[in-house]
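From first to last, the protein sequence lines are chains A and B. Be aware that the first sequence starts at 1, since it is given in the UniProt record's numbering, and climbs by one per residue. Be aware that the second sequence starts at 1, since it is given in the UniProt record's numbering, and climbs by one per residue.
What the hints contain is simulated information worked out from the structure, not anything from laboratory work. Relax, there's no trap hidden among the hints.
Copies of the same chain look alike in the list, so a pair counts if it fits in one copy or across any two.
Here are the simulated lysine to aspartate or glutamate pairs, EDC-like style, with alpha carbons at most 20 Å apart:
#1 K649 x E86
#2 K321 x D229
#3 K234 x D370
#4 K635 x D555
#5 K635 x E463
#6 K699 x D592
#7 K207 x E13
2 protein chains.
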Amino acid sequence: MEEFNIKTPNLVEGISDLKRQEILDYFNRTFELDTKLYETLQVEDAFYMRADPLRHPLIFYYGHTSCFFVNKLVLAGLLPSHINPEFESMFAIGVDEMSWDDLNEKNYNWPSVDEVRFYRKTVQKTVAQLIKDLPLQLPINWENPFWPIIMGIEHQNIHIETSSVLIRQLPVDKLQNGIFNEVYKEDNEIPTNELLPIKGGEISLGKSHQHYLYGWDLEYGNHKETIEDFKVAKYLVSNAEFYEFIKDNGYHTEQWWTEEGWSWKNYKQAEHPQFWVKESNSYKLRLMTQVVPMKWSFPAEINYLEAKAFCNWKSAKTSKKLRLPTEAEWYKLVNHCKIKDADQWNVAPGNINLEHYTSSCPVNKFSFGDFFDVMGNVWQWTETPITGYAGFKVHPLYDDFSTPTFDGKHNLIKGGSWISTGNEATLHARYAFRRHFYQHAGFRYVESEQEPEIRVDSYVTDEEVAISCEQNYGANYLGIEKLPLQLNEILKKHIANPSTKNLLDLNCNTGRLAFEAAQNFKQVTAIDASARFIQPAIELQKNGLLRYVVKDEGDLQVFKDVLLNNLRLEKPINPVLFMQDDAMKLKERYKDFDAIVAFNLLEELQNPQLLLNEIHKRIRKDGIFILGSSYQWNKAITPKENWLGGFKKDGEPVKSIETIQHILSSQFTLVEKPFDLKYLTRKSSRDFDVIISEVSIWKKK
Amino acid sequence: MEEFNIKTPNLVEGISDLKRQEILDYFNRTFELDTKLYETLQVEDAFYMRADPLRHPLIFYYGHTSCFFVNKLVLAGLLPSHINPEFESMFAIGVDEMSWDDLNEKNYNWPSVDEVRFYRKTVQKTVAQLIKDLPLQLPINWENPFWPIIMGIEHQNIHIETSSVLIRQLPVDKLQNGIFNEVYKEDNEIPTNELLPIKGGEISLGKSHQHYLYGWDLEYGNHKETIEDFKVAKYLVSNAEFYEFIKDNGYHTEQWWTEEGWSWKNYKQAEHPQFWVKESNSYKLRLMTQVVPMKWSFPAEINYLEAKAFCNWKSAKTSKKLRLPTEAEWYKLVNHCKIKDADQWNVAPGNINLEHYTSSCPVNKFSFGDFFDVMGNVWQWTETPITGYAGFKVHPLYDDFSTPTFDGKHNLIKGGSWISTGNEATLHARYAFRRHFYQHAGFRYVESEQEPEIRVDSYVTDEEVAISCEQNYGANYLGIEKLPLQLNEILKKHIANPSTKNLLDLNCNTGRLAFEAAQNFKQVTAIDASARFIQPAIELQKNGLLRYVVKDEGDLQVFKDVLLNNLRLEKPINPVLFMQDDAMKLKERYKDFDAIVAFNLLEELQNPQLLLNEIHKRIRKDGIFILGSSYQWNKAITPKENWLGGFKKDGEPVKSIETIQHILSSQFTLVEKPFDLKYLTRKSSRDFDVIISEVSIWKKK
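Chain A on its own, in the form it takes in the complex (with noise of 0.2 Å):
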């Protein structure tokens, strides 16, 4: 199929007009392979027809991808109007598994397959006129125009494998081959699994924003992981190896499964992988358009659930440590195969992009060294649940293409399938799919000592976390400098020395000002009472990467990335103690201190006396004791009797600094006049809190 032989184009290097002529070409390409797929449908039925009950049905994606085009090329000022808005509404939504309670087939009254297809040629047109039209200048990069023409085209060559799912799933006789004849037929003698070894080390994985080829957002960053030595399967789990599993009675021994697996596989009476088809006491395979024999040398295809469920078993039948390989774990075999990126190939080297079948085929058909299908023939599930790299960002065009699925629910998926093309086939190419889900994938195991660290990284969502993660990593606004840098420079002012001194940060919340204090001092012990707040700052200090949304207008949000790199925050002398700890009830050992903060801290207490009262017991002599609040105090949290003012007593308006001076006078000195320290607190794109706050500075009689 040499003539959708679709290769994602080098954005950086060549000449422009060039260039344009190459994404022309690959934009017309791609736009025919998926008008091609869509000729496996014999009859128009066919599209109206639910291939998933919990999936559109195929004139959906037929219309979706041109409606994609329109969408983003408007958002982008690319295309001055919508070309039929209705269109442009009815297919935009409904993708995928993130909106199935939206999809509700009554709201649906889809329009014919010739609207359909004349809407397609239409778009087609335009947006081959834009590409000849719009200036070019390279490199293509996230801000060129081009960009979103190209997202539009890789957005195309995924739905072209995920509708080519769905086609797997209608009626055969609905079904024609088309231009997807070239299924391999042959059934290869089976070759016998084994595990080679592949030596660990450090890898580095994620791409710059400089690399030549187009990527989704979340391929883009920087993550470090070391591996141990380990062993990977030679080949693809075939059928004739997963069937050992089935005929251990697999599918129906609870201990093999995780409890998601089966629960899965009891809420669909799974039996065996979803593509074979039982007839009486044999197997067919069900191929994209056809019912074939079962061919017992191609790769089992299978979801997460099951393949977790084979290695469990083999483990127990091997005494082996197996598993799904991780993410870096698969770059490893990568990297120990040599592998070339996709513009690189002249031939694939693997059973991908269409260069060789239109099936999947033995596992033993394709070598890359020692090993078969490293990439291509089918998808290879890992252990890792998808999250962006360090250093992710969202791309404004497109800003919910992965967030969505950074939920610790959606396992990566790498090495492409036989129909994976362009931005698929390559190397740094990250796709994920919900555990459950099937796709064009199989597995390979591998075997290792090393647990799988499982990193979800999620989004902060909790807003009054993420509120504070804004105002401690995030941009000053107003004009108004961060607290925790406002109260870092109250530090560097009282305190000398600090190399060798100790700091407690009493109300520490998602610990910038303990992160820039570790720069200075010997060693920085901060506490919140609430792991809600303190969990960022852990989390941040372990991986170096915190993660939160923010309000923008009314209910849409921006994605924010905070690296501990970025913040010019060198490798401090000890690292910050972060301790979820009641500041009303301080253990013994918070004590000795040189220098102690409590901003905001009174307030959210519920007998602010208290503190002030036993603050000087935790405090060596001379040492210098930060006091801040805005006194907002809320009866909910303090009551009326506890608060240090802000009332009136005898009559006579009582204000909390004279309440505060009075406390801390017997066993401190004041060191300065009380101070006030404006602050910001950002609310959404619109909304700021901008509050003032008194400091007070003591040292330790």
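Once you have looked at the hints, place chain B on chain A.
Coordinates of chain B only, in the frame set by chain A:
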């Protein structure tokens, strides 16, 4: 009682050293008089008896006046610390009706009279020493450190009088005359009262902050009133004249009483004035320390409710419109009689300042020209509920002296009584009590066709409305100009020749923009959906005065007074037409405007699209529509399906401005690129909300 001739000193003129001595004398004489007053308590247990079941026993007041000195001087920073913190808490609160709810005798464990006497002496010495030591510079104004000292002295003068009323309610066998033995013994022939004419005209009330005599906060400011010609009773109503009412069954005839009065009468089962003592079929009269045969020529001492019932009865009997005077009418009478202020008396012109008697005296004893007892003898109830004059400010050291009584329930008494000393005996004195309350107070009636205008001018305490008042009329904070002034600049920039044009402010809030625009426009119509918000604007337009309370620290409050005059708003061409109306259901008559402003309105509407669709019908060709919003959509107000933006549609983010442009473009041309406008809301002295609204300016096609 020459030694207690207590005249409040001139605080502006004089020589410092002499002034210091004058103040010291004034302090000591007042203190001594207060001490002597309590010597009328013959036995110690009289200190602990409840003269009034809803008031503290006299032991409280015995301590209170000294405690007040200490508390205010500590607050002012003139005393370094409290003298007896326990006393200064115990004797601080519970002076008057405002605190009746708190008055639970169980909470008090009163000290002995000796202890309090000792405390008083200590305080007297301390304050005397302070008067001797404190640097003194004339004039003594609000900011002068001597002000709180004078405040304490005047406070003591007040309590000399109010305690004398409480003593008058104790059993006479517990009392002795002490120095208060100069009671008026005779009973004059009873004069026939008559009504004498007074010329009406404009009168100006209130004194300036440069005035040379001490004043309580509510004496300052300026209030103008125009009074019709009226007639005033020559004498206060005597016991004899009042007895006619009683004999005519006045206490049992509901029609003479106000609803409040009848309710009080029934509750108290009142049959005659409180200090009349009924013995079989005759009456005696209770004076401060003794009961004497009824003095029919003495003024009837009653509360406002009884005085009002008498006037109603007498009006019916005489077919005249009789009522109590207003405060302004009382001053007309004072002016008519050319009465000099206390500091200019050689001898008091009436029975006041203890210069003549230690009791009231016949109503025909002291003449002021044609009239008797214009000042002195007993206080005179008026029709006027107390309120601050325009320009009223609270003194920071005593912010609740007046404001709790600005509730429409406290009526002014004027003229002073035989025991009114210091500030009480000055012409500007303004004291008020609840209408059912007893003091040494009587009344005179006036005849007038004019309905007294009852201004309450209570403080806006509704938090949201008060915040809007501050946003419209308050200070600038954080260097951000007030929102309505920013909007007025936009009007000036975009609307030429406003003096020929009509403006509609569709969301006028508390009205500042409308007042500002009325300076330039031919006519301004200002609409708000909420009566709560528009009411202060209407009051401000009507009375030139607006009062509201904003939050300081905790529950502390700041009282704010706004004078239309002080905003440099000249008399506009036409006054603003303020209307409460729903922008969603605008009446037909709102049309043909040359300019319409709708700021922060969209987010308050159930269906903002509807307003945008219809607004062109209200505006002339080439008219300007100024739209601003922060797009803070709230599902509780605007259902999400009606939001203009801030959501994803067909997977793509929709910004509100896009929808606005889409809707308005059919009838309007966008004048310039939409821009951001930053403004501020003060929530408390330490908490501000900064909002960024987007403004777009449209010209009607």
